[in-house]
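Mapping to the working numbering: the sequence shown position 133 is 142, numbers consecutive.
You may find that some hints are simply not true.
[Said to hold, decoys possible] Now the in silico label distances, taken between C-beta atoms and shown as ranges: (1) 176 / 140: 18 to 26 Å; (2) 246 / 101: 31 to 39 Å; (3) 53 / 100: 43 to 51 Å; (4) 47 / 145: 43 to 51 Å; (5) 174 / 144: 15 to 23 Å; (6) 231 / 173: 22 to 30 Å; (7) 168 / 66: 44 to 52 Å; (8) 231 / 55: 35 to 43 Å; (9) 189 / 53: 39 to 47 Å; (10) 101 / 137: 34 to 42 Å.
I should point out that these hints are in silico values taken from the structure, not numbers from a laboratory.
Think of the CB as a built atom: it goes at the ideal place given N, C-alpha and C, for glycine as much as any other residue.
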Amino acid sequence: MSADARRREILRRLASSGYLEAKALSAELDVDASTIRRDLDALARDGRVERTHGGARVVDGATKDVPYVFKVGLNAAEKSAIARAAAGLVHDGASVILDSGSTTYEVAVALQRTSALTVITNDLRIAKLVAGFPEVRLLVAGGELLNSVYTLTGDHTVDFIRSFSADWAFLGADAIDPVTGVTNTNTLEVPVKRAMMRSAAHVAVVADHSKFGRRALAKVAEIEDADRIITDAGLSAELAEPYGETLTIAPGACA
10 MSADARRREI
20 LRRLASSGYL
30 EAKALSAELD
40 VDASTIRRDL
50 DALARDGRVE
60 RTHGGARVVD
70 GATKDVPYVF
80 KVGLNAAEKS
90 AIARAAAGLV
100 HDGASVILDS
110 GSTTYEVAVA
120 LQRTSALTVI
130 TNDLRIAKLV
140 AGFPEVRLLV
150 AGGELLNSVY
160 TLTGDHTVDF
170 IRSFSADWAF
180 LGADAIDPVT
190 GVTNTNTLEV
200 PVKRAMMRSA
210 AHVAVVADHS
220 KFGRRALAKV
230 AEIEDADRII
240 TDAGLSAELA
250 EPYGETLTIA
260 PGACA
């Protein structure tokens, strides 16, 4: 694993847990402790983590997201497989709400051949992509921009989302656990995600296998609040078992 890939993985894990111990990272990533210390020091110099004695934590007490530029390259094949499975739920003429994130962006990509589609989103990258689709109606929420993840949040965003009634809402997740449910690192996004769920007839959470068995800072929803949870074939049978028929394993990619 290259230094860049390793540091992206460190940021991804930090987004889910809020704190990482250098010694544990060294064992899990199979590199020397000195290498992990250099990685953490480099990320701290860039302002992406806060160094602590023996490890690192998220800047400002675990409230910041991993920047989109780091998220987008993680588990790319798995996200594409998940997106194809998600798009298979959507019929021509349907209306969908797309949450912000790199996995929901892939869902948007997979929907580009759906005819007469209506897309509602608070993600500027998704909005830019969908604007180029033929026969699409695009509705973009206003709000305050979270720069690192190209996401619009706030009361205006929530009010906008609540004014619609869509067929499907596709939500991303920072972490999924059978007990704590669907959780998110950034608290500002939670009211928007909940509004999306209330404004759709059906809800699907789209998340690659690395998000399972983890807990993030803020509760979004219980597992039973989702009609579908779509992930990839990299999820172990042990982690998959508690979700029963709610869980869909997308074919076509494996970790």
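Hints and how they fare:
| no. | hint | in the structure |
| --- | --- | --- |
| 1 | 176 / 140: 18 to 26 Å | 21 Å, holds |
| 2 | 246 / 101: 31 to 39 Å | 35 Å, holds |
| 3 | 53 / 100: 43 to 51 Å | 48 Å, holds |
| 4 | 47 / 145: 43 to 51 Å | 46 Å, holds |
| 5 | 174 / 144: 15 to 23 Å | 21 Å, holds |
| 6 | 231 / 173: 22 to 30 Å | 23 Å, holds |
| 7 | 168 / 66: 44 to 52 Å | 34 Å, violated |
| 8 | 231 / 55: 35 to 43 Å | 36 Å, holds |
| 9 | 189 / 53: 39 to 47 Å | 28 Å, violated |
| 10 | 101 / 137: 34 to 42 Å | 23 Å, violated |
In the structure shown, a violation is registered for the earlier hints numbered 7, 9, 10, in ascending order.
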